[in-house]
Amino acid sequence: MIAQNIAFGIIAAVVVLAAVGMVTTRNIVHAALFLVAVLGGLGAQYVLLTAEFIATTQVLVYIGAVTVLFLFGIMLTRAPIGRMAQMTGASWPVAAISAVALGGVVVYAVLNEFGSDLLRDDGQVFRTADVGDSVFSQYIIPFEAVSVLLLAALIGAVVLARRD
Amino acid sequence: MLLNQFLLLGAVLFSVGVYGVLARRNGVMVLMSIELMLNAVNLNLVAFGVQHNVVSGQVFALFIIAVAAAEVGVGLAIVLLLYRNRKSIAVDEFDLMKG
Chain A
55 MIAQNIAFGI IAAVVVLAAV GMVTTRNIVH AALFLVAVLG GLGAQYVLLT AEFIATTQVL
115 VYIGAVTVLF LFGIMLTRAP IGRMAQMTGA SWPVAAISAV ALGGVVVYAV LNEFGSDLLR
175 DDGQVFRTAD VGDSVFSQYI IPFEAVSVLL LAALIGAVVL ARRD
Chain B
5 MLLNQFLLLG AVLFSVGVYG VLARRNGVMV LMSIELMLNA VNLNLVAFGV QHNVVSGQVF
65 ALFIIAVAAA EVGVGLAIVL LLYRNRKSIA VDEFDLMKG
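Protein sequence lines correspond, in order, to chains A and B.
Add 54 to a position in the first sequence, counting from 1, and you land on the number used in the working numbering.
Add 4 to a position in the second sequence, counting from 1, and you land on the number used in the working numbering.
Each hint should be verified, as a subset may be incorrect.
Said to hold, decoys possible - A few chain B positions that, by computed beta-carbon distances, are all more than 10 angstroms from chain A:
{"no.": "1", "residue": "Leu-40"}
{"no.": "2", "residue": "Val-76"}
{"no.": "3", "residue": "Arg-88"}
{"no.": "4", "residue": "Phe-98"}
{"no.": "5", "residue": "Asp-99"}
As the list claims (entries may be wrong) - Footprint (simulated), chain B over chain A, 3 or more residues, beta carbon under 8 angstroms:
{"no.": "6", "stretch": "88 to 98"}
{"no.": "7", "stretch": "176 to 186"}
As the list claims (entries may be wrong) - Among the chain B residues that face chain A by a calculated CB cut under 7 angstroms, a handful are:
{"no.": "8", "residue": "Tyr-23"}
{"no.": "9", "residue": "Arg-29"}
{"no.": "10", "residue": "Asn-57"}
{"no.": "11", "residue": "Ala-70"}
Simulated from the structure, these hints should not be mistaken for lab results.
Beta carbons: idealized from backbone N, C-alpha and C, even for Gly.
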């Protein structure tokens with residue numbers, strides 16, 4: 055238990071620092087690499103939560119595919135690969151106030167509702183087979199809908215981005 | 005471990021994502037901040053799934069990952085199209101709807 059708490063603390067610190075770095079850095083490629091640190095740290099948190107399949111999917115889909123897609127987006131829009139003066143809009147104080155206010159409300163609500171609930175460690179650990187059973191029995195219709203959605207998004211992206 | 009610590013981490017990440025969406029000028033950076041918010045929600049879903057001893061939390065997190073991948077594909081295509089038409093992806097320059 056102690057070891058898990060220490061691991062959580064270290065990973066959480068890395069994740070939060072990388073997230074703040076992502077939204078404040080002036081170099082857009084560095085922002086994409088900070089995003090990789092955030093996604094990898096969250097994958098480690100899923101391992102701590104015994105969600106092995108989600109952790110694997112996180113690494114495969116987010117770190118593998120989505121980050122590459124972002125880097126291609128950065129290159130194709132010819133963003134300056136270096137420091138950029140105007141990365142943050144003039145309205146950033148309003149944005150900061152909104153974010154701090156939202157975070158304050160959510161943190162207060164969480165502390166108020168789940169003050170000292172211990173995460174259950176006596177429960178069943180859901181392995182990849184259990185997740186697969188659930189997806190292909192109880193959640194088969196949403197699963198098919200998501201597959202059609204992915205196909206539609208793929209065709210839509212090709213139609214939008216091609217030159218004609 | 006407390007349930008709280010995962011929920012608080014999710015709340016902080018979501019707030020940082022909100023700041024990024026509102027403050028950043030670059031369209032690609034706005035999409036990255038949206039990914040941050042979706043990931044914060046995923047962490048909450050998995051934590052509640054463990055807390056209630058159900059597999060549904062992980063299944064919903066999987067669905068969110070799939071929808072996020074679709075969203076990023078279409079979103080980047082739209083940003084690319086904006087760049088091609090306006091030679092810029094600074095989101096505060098797209099103000100045609102302003103009176």
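Report the numbers of all earlier hints that the structure fails to satisfy, in ascending order.
Checked against the structure, the hints that fail are numbers 1, 2, 3, while the rest are satisfied.
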